[in-house]
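Undergrad: Residue strings, one per chain:
Number of protein chains: 2
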Amino acid sequence: MVQTTLHATAPRRGRPRKSAEERDESRRRADLVRAAARLFRKQGFDGTSTRDIATAADMQSGSPFYYFDSKSAILAAVMQSGMADATARQAKALQALDDDASPREQLRALIRQHLQVCLGKGSDFIPVMLYEWHTLSPAQRGAIASQKDAYEAAWMPVLHGLHQAGSLRADPQVARLFVFGALNWTVQWFRPGGPLTLDGLTEQAMQLFVGEASDRKGPRARATSKT
Amino acid sequence: MVQTTLHATAPRRGRPRKSAEERDESRRRADLVRAAARLFRKQGFDGTSTRDIATAADMQSGSPFYYFDSKSAILAAVMQSGMADATARQAKALQALDDDASPREQLRALIRQHLQVCLGKGSDFIPVMLYEWHTLSPAQRGAIASQKDAYEAAWMPVLHGLHQAGSLRADPQVARLFVFGALNWTVQWFRPGGPLTLDGLTEQAMQLFVGEASDRKGPRARATSKT
DNA sequence: CCTACCGATCGGTAGG
DNA sequence: CCTACCGATCGGTAGG
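The listed protein sequences derive, respectively, from chains L and H.
Residues in the first sequence are numbered from 0 upward in steps of one, following numbering that gives the first Met the number 0.
Residues in the second sequence are numbered from 0 upward in steps of one, following numbering that gives the first Met the number 0.
Treat the hints as calculated values from the structure; they're not laboratory data.
The beta carbon of each residue, even a glycine, is placed where N, CA and C say it ideally should be.
Some hints could be false.
Here are some of the chain L residues that sit facing chain H, going by a computed Cβ distance under 10 Å [as the list claims (entries may be wrong)]: (1) Ala83; (2) Thr86; (3) Ala87; (4) Tyr150; (5) Met155; (6) Leu197.
Short derived list, chain H residues pointing at chain L, Cβ under 10 Å [said to hold, decoys possible]: (7) Met58; (8) Leu93; (9) Leu96; (10) Ala142; (11) Ile143; (12) Glu202; (13) Gln203; (14) Ala204.
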């Protein structure tokens, strides 16, 4: 409104310039999502009131509804942000590998990255998604499903490669579901600071799922490095 | 009341005979627990009101509190019943094996039994436990922990055996946590009636965790039999 | 964004 | 076990 005074009121069609107000609004929105994620993770969705969220974001009780239509829309936003972040990290983790990286090395990278995101170092988004997926309505789940599908699809070429090489006996599709379960479940029991590091955990998962089959040079020693 | 008329009303000290009233009470209690489990599984703990539970058990709104101190005490009862049942089934599954059953066969029996319980055919108790474990207070969790520990401990000799035989590369303790995660997570995605049966699922899990290492005679074909 | 508020629901209890 | 009820909380909204 303040911005458009110069050009009369003709609403410029097309992508509107990002005004300072708009930047502020999306920043406040992100604040809400981040605050909600932290509370949802700690207390659960039902254990967190919209008033809790408002307080954590320095707002009054009714204000979250200026940014979101409903409490569950906030939850959906948490999960969408989480998936966007996880997908970006996944792509980065794969790109960081050598071009001739073996399926085994690719799997290790995927597992390590996935564990990192599940354990929620730095972001509560994915832990919330793992705990509260069933809380969303089917329609809301559908909206996130495409992100989820893309994330999961990235594992399939790697698992197929390992299957053909004989390192993975189970059907790759079913294997993916079991592997995700094993990794996602760490949220329930893994506590950082214990004897097991992220790299140690990754190495254990590798041994469980694809044994130590062929290459015996080195990788075992790498178990506790790097974190 | 009807029963005791013959012997006047002198209340026999010591272990009271299990009167019809008492039997009735514990039956109604069990009804409540069963009804609550079904609702908790379908709608979640927070999504279920004590009024819902009362109605499902053919009672009025306040009556569940005659049997339980609080709503969460009902949840704890659900989990205790679930663990008692699961432990009994586990013992039976192991006893049904030949005395000279290999660790691999024992693992198969444990996995199959665990999947059966997780998928909640006939009882909603364990699915509720998997979903709502975090809902209990630490004190309530502690009360169930010993049952849980015993159930989990039964896997360790088997996993150690496989580790020593070289079929399981990962550390048995960590392997157990990963395996439980993979199996427990099936609650999130497995729907009976699909292409995968309980036995098929069990076989896939076996292949993923302990490969097909030594014995190559038969077991693969067994994948879809029996259910 | 805040203020003030509504309607509904909920866990739990007293008293029989 | 039922009846009747309380106090608290909660998601959401109107109106600015």
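Undergrad: Would you mind marking each hint as holding or not holding in the structure?
TA: Hint check results:
1. Ala83: violated, 21 Å
2. Thr86: Check failed: Cβ of threonine 86/L comes no nearer than 20 Å to chain H, outside 10 Å.
3. Ala87: violated, 24 Å
4. Tyr150: Check failed: Cβ of tyrosine 150/L comes no nearer than 15 Å to chain H, outside 10 Å.
5. Met155: violated, 15 Å
6. Leu197: violated, 13 Å
7. Met58: violated, 24 Å
8. Leu93: violated, 22 Å
9. Leu96: Violated - the Cβ of leucine 96/H stays beyond 10 Å from chain L, reaching only about 23 Å at its closest.
10. Ala142: It is violated, given that the least Cβ distance between alanine 142/H and chain L is near 18 Å, above 10 Å.
11. Ile143: violated, 14 Å
12. Glu202: holds, 9 Å
13. Gln203: holds, 4 Å
14. Ala204: holds, 6 Å
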